[in-house]
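Asks: Chain residues, written in single-letter form:
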Amino acid sequence: MIKKTLSQDKSIKEFVLNNLVPIMFIVICAICIPVSGYSAPALVQEMLTRIARNSFLVISLLVPIMAGMGMNFGMTLGAMAGQIGLIFITEWGVVGIPALVLAAIVSTPISILLGWMCGKILNNAKGREMVTSYIISFFMNGVYQFIVLYCMGSVIPIKNSAILLPRGYGIRNSVNLINIRRVLDNLIPLRIGTVNVPVATYLVIALLCFFIIWFRKTKIGQDMRAVSQDMEVARRSGIKVEHTRLLSVIISTVLAGYGMIIYLSNMGSMNTYNAHSQIGTFSIAALLVGGASVAKASIGNVFLGVILFHMLFYVSPQAGKNLFGQAQLGEYFRVFVSYGVITIALVLYEMKKRRAAKLGGLTLAKAQEEK
Amino acid sequence: MKKIEFSRSLLIRIIAIVLVIALGIVMYFIGRQHSILIDNKDIVIDSVTYPAYKLLEVKIDDQKAKELSKRDRIEVIVTAQKHTLTVVDSMKGTGMIVYDLNIPVKEDMMLLSLPALLAGLPIEKCLTHYEVASIAPPAEEEVIVSETDALLGDI
Amino acid sequence: MNKMQRFIKEFGWPRLIIAAFLLSLVVIAPFAGVNIGTSLTDTIMRFSMNGVMVLAMVPMIHSGCGLNFGLPLGIIAGLLGGTLAMQFGFTGKLSFLMAIVLCTPFALLFGWAYGKLLNRVKGGEMMIATYVGFASVSFMCMMWLLLPYSNPQMVWGYGGSGLRTTISTEGYYYHVLSDFLNIKIGHLSIPTGSLLFFALLAFLMWAFLHTKKGTAMTAVGSNPIYARASGIKIDSIRTLSVIMSTWLGAVGILVYEQAFGFIQLYNGPFYMALPAVSAILIGGASVNKASITNVIVGTFLFQGIVTMTPSVMNSIIHTDMSEVIRIIVSNGMILYALTRKTEETR
Chain D
1 MIKKTLSQDK SIKEFVLNNL VPIMFIVICA ICIPVSGYSA PALVQEMLTR
51 IARNSFLVIS LLVPIMAGMG MNFGMTLGAM AGQIGLIFIT EWGVVGIPAL
101 VLAAIVSTPI SILLGWMCGK ILNNAKGREM VTSYIISFFM NGVYQFIVLY
151 CMGSVIPIKN SAILLPRGYG IRNSVNLINI RRVLDNLIPL RIGTVNVPVA
201 TYLVIALLCF FIIWFRKTKI GQDMRAVSQD MEVARRSGIK VEHTRLLSVI
251 ISTVLAGYGM IIYLSNMGSM NTYNAHSQIG TFSIAALLVG GASVAKASIG
301 NVFLGVILFH MLFYVSPQAG KNLFGQAQLG EYFRVFVSYG VITIALVLYE
351 MKKRRAAKLG GLTLAKAQEE K
Chain R
1001 MKKIEFSRSL LIRIIAIVLV IALGIVMYFI GRQHSILIDN KDIVIDSVTY
1051 PAYKLLEVKI DDQKAKELSK RDRIEVIVTA QKHTLTVVDS MKGTGMIVYD
1101 LNIPVKEDMM LLSLPALLAG LPIEKCLTHY EVASIAPPAE EEVIVSETDA
1151 LLGDI
Chain L
2001 MNKMQRFIKE FGWPRLIIAA FLLSLVVIAP FAGVNIGTSL TDTIMRFSMN
2051 GVMVLAMVPM IHSGCGLNFG LPLGIIAGLL GGTLAMQFGF TGKLSFLMAI
2101 VLCTPFALLF GWAYGKLLNR VKGGEMMIAT YVGFASVSFM CMMWLLLPYS
2151 NPQMVWGYGG SGLRTTISTE GYYYHVLSDF LNIKIGHLSI PTGSLLFFAL
2201 LAFLMWAFLH TKKGTAMTAV GSNPIYARAS GIKIDSIRTL SVIMSTWLGA
2251 VGILVYEQAF GFIQLYNGPF YMALPAVSAI LIGGASVNKA SITNVIVGTF
2301 LFQGIVTMTP SVMNSIIHTD MSEVIRIIVS NGMILYALTR KTEETR
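These protein sequence lines map, in sequence, to chains D, R and L. Start counting the first sequence at 1; every next residue gets the next number (this note's numbering). Start counting the second sequence at 1001; every next residue gets the next number (this note's numbering). Start counting the third sequence at 2001; every next residue gets the next number (this note's numbering).
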């Protein structure tokens, strides 16, 4: 009897430890929502919009995790490619759904190139993929700025004065995307009570989810799993390790580019020099909030994470205002929470990895002793 | 020289790329936005004056019909290139006259003169390229790229 | 030829490119109408401002904790010390001394906790360090708003509470080191005080690395198995290195502020680790090897590029591309260091 409760205790503890981040978030949200004073329909509307806006980006992180490469901070690269696609469709004066498709087509080769580069570099930095991909995102940010701020209009032909800086080259700080604003969201209009549901966007996200589920079962998906478990074993069984890892980064980058296009079309305007770096941090935080770890993430984690994270993101400025009289405090709070969550998740992951290694070592030693 | 082998997968890849590029071009054509300025003003073409009409009713595709009195100009925004223009002379009460408009894909903005069109001139003469006169140069915009600002703000 | 190749390999081509780039800047400068004297003054000034923060990288690299991307944590301690010294009403030279004294307990405490944390995540230090830095900066963003500071020079004017985003150090420790024994020769102006202070800390670091504890630290970083076998307490040595690094970060930001003239709170410290990291790497350090020479050479080269590019670029192509170049150079250098295969010791 006592033994049983003990094991129950242990399993509860295990459960809490394994889901520490989501549980913390649920608690914070439970406190912040009543304080913010938002009504239920307003919250539902906001969450529906934000899930539609961000899920695609967060899902793009799943593939490299599958291949054991951790959180792909290089998704920023995809986001840059998406933004370049959007700059071009605005320049060409294309509107509506065709514009979205065209932007996606333009972004694809750029994403593939950037993803390939990122993957090549990461193959040289095995074991520290995350910090390397993080620095890559900074490095490429410089290159992006060079191209968009100096080359566009001078080397790359851009003539539209609405997006070009008055000096004649370089793209403005903020590009108005009125040409594609919410076109996907409003493609299939659905209104329940006072709440608008962006059906078409959800269909696209569902399609991507099925793709991910299908992809896991393909030969490449299986290879990625094998690579994530043990690179050397995978290599010995004839899997091209480097190639598989490269592919996972490329797929992630391309998807991130599409995700960025969907995201920005919902936002309706583009912050040319900041949007991409912002999106990397927050997408990763959202995924981790959903209970994913650096080594394992599912589609369920994505949606739980996006809901919880954006719930907090939405309510915290108002909650900060109501509690302390400063909305700014809420803004800082959500930045702190995003970084805090990533820190905790990374620490838990590293600790688990070490414990597993130690355990592995112990069993090995024991087995040798028994011999 | 080694003979270049066209393997099946390479062929499929090339076809796929070509298809995607073709799709992109199609998207460009059907998503391209143009604005048409429709004019009801006196106009001189080849030293012939075509006087403006008193009141005209125009309609492009299925958009809402609009009325133009003398010296009026309206802007209609359309996507893609092929459009139908329906004109009714409200004063004479003649029937509808339907024209087919074909806008070159590269044009951002075009000017359509109704008096010339109704006088029976070929459409190429009535539908002309239009450049927006650049307004006073806008104030210089400073681009400050701050790495830290990226963290604040909504997503 | 072989010798040449080996030299390039050891030196590393990014460093070669950076050195060539700086050299070309120096050569072009006179033709572009840029005064070398002023540029040199600026470079030396910036060197004295940033040197200590680059020095802060050394202990953690030695103990095998990698590049200290968590430098903002130390900077936070320094900011606390600096603001508290002003809050308590110390002025002039005394305020700088008191700032160092007041930041020390915070640096020790933060460094200790940070070191303990890093000991539990061996192998993944750099990523976690980055996020510890970010999390602490964003946490302090809230604290700067909430802490009960009252010195009118520091808090927002209009009734509200909370510290300003930038606080002038005028009347407190503004230029206390820079103006100490300042030498002026024509265009050249040398902030001797700051340089001496840096030299003192650098010397202490060098001396420490030659003590028994210091050699133990190097052993932990370069050969942990040997270190364990010879009875060195690896974890406590690592913690010590992290504490040292954090404290140096704290002092580093104070030196920076006294020369710069302003304290930058809130988002200010977010990315301050990256220039320091890339400076030491440009100086020839790697992820697990660094010396005082690397610090000096690296800081000088890095700050040289930072000061020379805008002026030279501006006068040649009338465009200020320096920011872009700085981003590409500094991150490119870090990237190179992270991907070098020979350094995969762990």
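Hints are computed from structural coordinates only; laboratory data are not their basis. Among the hints, erroneous ones may be present.
[What the hints assert, rightly or not] Under the rule of at most 30 Å between Cα atoms (straight-line distance), these lysine-lysine pairs were calculated in the DSS-like manner:
1. LYS10/D to LYS2122/L
2. LYS2116/L to LYS13/D
3. LYS2122/L to LYS296/D
4. LYS1059/R to LYS1082/R
5. LYS126/D to LYS2093/L
6. LYS2184/L to LYS358/D
7. LYS358/D to LYS2009/L
Model, not experiment: these values are computed from the prediction.
Asks: Hints numbered earlier in the text: which of these fail when held up against the supplied structure?
Replies: 5, 6, 7
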